[in-house]
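There are 2 protein chains.
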Amino acid sequence: MSLRNFNLEKYLKNGKTTYAQRENIEKLADELTKEGFENIVVLGIGGTWAEWYPVVEYCKHLSDFPIYLENAGEFLVKQNMSYLTKKSLVLTASASGNTKEILEASKLCISKGIPVFGFTKDETTPLAKLLTKAIYNPCGDCEDSYLMYFMLALRLYKNLGYFSQYDRWADQMKNLHTNLIRIREEFEPRAAEIARKYSKEPYTMFVGSGVLWGETYLFSMCILEEMQWVRTKAVKSSDFFHGPLELVEKDLPVFLVMGEDEYRQLDERVERFAKKFTDKLEVFDTKDFQLTDIDDEFRVIVSPMIATAILTERLAAHYELNTGHSLEFRRYYRQFEY
Amino acid sequence: MSLRNFNLEKYLKNGKTTYAQRENIEKLADELTKEGFENIVVLGIGGTWAEWYPVVEYCKHLSDFPIYLENAGEFLVKQNMSYLTKKSLVLTASASGNTKEILEASKLCISKGIPVFGFTKDETTPLAKLLTKAIYNPCGDCEDSYLMYFMLALRLYKNLGYFSQYDRWADQMKNLHTNLIRIREEFEPRAAEIARKYSKEPYTMFVGSGVLWGETYLFSMCILEEMQWVRTKAVKSSDFFHGPLELVEKDLPVFLVMGEDEYRQLDERVERFAKKFTDKLEVFDTKDFQLTDIDDEFRVIVSPMIATAILTERLAAHYELNTGHSLEFRRYYRQFEY
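Those protein sequences? They're chains B and R, same order as listed. What the first sequence shows, in this note's numbering, is residues 1 to 338, in sequence order. What the second sequence shows, in this note's numbering, is residues 1 to 338, in sequence order.
If you're looking for bench data, these hints aren't it; they were derived computationally from the structure. Warning: the hint list may mix true and false statements.
Since copy identity is lost for identical chains, a pair holds within one copy or between any two.
Derived DSBU-like pairs: lysine-lysine, alpha-carbon spacing no greater than 30 Å straight-line [to be verified]: (1) 86 - 275; (2) 197 - 250; (3) 129 - 87; (4) 112 - 60; (5) 13 - 133; (6) 200 - 86; (7) 129 - 86; (8) 10 - 287; (9) 100 - 112; (10) 27 - 13; (11) 276 - 78; (12) 27 - 200; (13) 200 - 275; (14) 78 - 60; (15) 174 - 10; (16) 275 - 78; (17) 250 - 100; (18) 276 - 100; (19) 276 - 200.
Throw the hints in and build the complete structure from the sequences for me.
This is how it looks when you write it as structure tokens:
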């Protein structure tokens, strides 16, 4: 099957380039472990915050080792961060390497004598110049970001004694991209149909939870709002029942992103409610997609990668086709100083 | 000046009843301190989560004593809450005393042998029967909830050695309600005008941050969505620049709730941007309102009470007048099992 505006060869090549970072990532994780740290502080904003979200959430499942996901914008102004010390391991990422809040937050850490490590496109970016050690990846889709961040975090957690399955997981991630191609192909007709049906809607509600909250937020904010100028609201499954539910009526589009972690029961409650009261409920359930040569126990880790392949990549491509609004075009974002 | 649908005498009487709980609240705080605890875990959802939000945020300013604000719905499913132990002090609130998630979360704590303390309407509610000790308040507006939660938390923090100004603050809170009447009167013409102008808008964006994030979320979700069926989106000031900004155009309503804590500079950045690109920017700045007989150093604590008086109370009353949709009417919420 052909996927609209999707270069299969390039995708697989980029996937290989990403996976090839495994050696560098593990080396970095091992060095950092050797140096030692008392907690992990992750700096993200917008898309990067969303991509780190499941990684940090998953780590919290593995252990109560202190790990903090910071909104880099708030990090710059908030007080009383007593956990941020020279014994903190600070991680960040910016593909472009020039996201304002990430640069400033990194500089703030460095000014306190705390080195920053992370990911960026290549050695020429402003972020690369700030990082004590960096992992470079010039290409890649969101699943590649998820993969690299998980690799770094899970290798650290393996070293700390909290994720002994690391090697088996990392070996199996070789099979990630071929799985995500098949999943894209399975989803393609639905992506086309959903975009046709909803791309002109004046308001679309997004609901999600657990490790998929990041992706729920990412698709609605980064893709629909920023890249398509489509009005959305994203709400966590538990909060749906306090306010947003009263907006639901027959013709209100509710997009429910459903995951496979312990929060799933919250999503299911939303599903039971919404299917009674709107004809426009669309459920995106990662459980509907098989994974070949990846163990079931790793499905929760892979679920945001599935969600991003079908939503942030495929559904976005079809929204673009229907709205006629290029995903590349911005009127304000990064167009001038603000 | 007359305030639409507002009973001045009743308001002042309710305010006195709330303030009169001071003795009970302080007694409870002192007993809890005596028994000792290693951290504080607060259970909220929807409106109660929003009302506890500034209290917990403010406490984090005062000290790094561990305090956690839990979404009671997520609390029921999430794993790895190693901080929840018999040495935790668990606090909650539900005016009605029958909020499903609050009851279940409280039961979960009790099943682990952890007692729960908090606030409810009176001794007859289901929550009252679960609480080891309760503070009753049969009446009151949102500012009364804020006041009682702050009283309990700040008395605890005084006892812990983190808020020596407690007595002076609590004494000055006697003057809260008369201040909030004057502030209501000052805001009234603007409330009428804003509701007239925006109540039929198909989509309104709310932006806020810091201790006012709870109130920003509360007004958009509880009042506009739940009680008025008005479509909204609430976003934190720092996140506004990653996604939502691209939606802004001349006729997009952006309601910016502006506070007085260290996050204010994030709000100011939104203001500078939004006023260039929409004709429908409305700024609700607590700094615009004087406080008589309340020291400036307490303004941050009072700011959510100001915001709730002008938004969740006054602006709501005027939305109701313009939409013709009673604030009491719900189609789903608490109308049946879901």
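So, going through the hints one by one against the coordinates:
no., hint, verdict
1, 86 - 275, "neither (51 Å within a copy, 41 Å between copies)"
2, 197 - 250, "both (15 Å within a copy, 27 Å between copies)"
3, 129 - 87, "within (22 Å within a copy, 46 Å between copies)"
4, 112 - 60, "both (26 Å within a copy, 21 Å between copies)"
5, 13 - 133, "within (25 Å within a copy, 63 Å between copies)"
6, 200 - 86, "neither (50 Å within a copy, 53 Å between copies)"
7, 129 - 86, "within (20 Å within a copy, 48 Å between copies)"
8, 10 - 287, "within (27 Å within a copy, 54 Å between copies)"
9, 100 - 112, "within (19 Å within a copy, 46 Å between copies)"
10, 27 - 13, "within (23 Å within a copy, 67 Å between copies)"
11, 276 - 78, "between (43 Å within a copy, 27 Å between copies)"
12, 27 - 200, "neither (48 Å within a copy, 58 Å between copies)"
13, 200 - 275, "both (21 Å within a copy, 27 Å between copies)"
14, 78 - 60, "both (23 Å within a copy, 10 Å between copies)"
15, 174 - 10, "within (16 Å within a copy, 68 Å between copies)"
16, 275 - 78, "between (41 Å within a copy, 25 Å between copies)"
17, 250 - 100, "between (42 Å within a copy, 26 Å between copies)"
18, 276 - 100, "between (44 Å within a copy, 20 Å between copies)"
19, 276 - 200, "both (23 Å within a copy, 27 Å between copies)"
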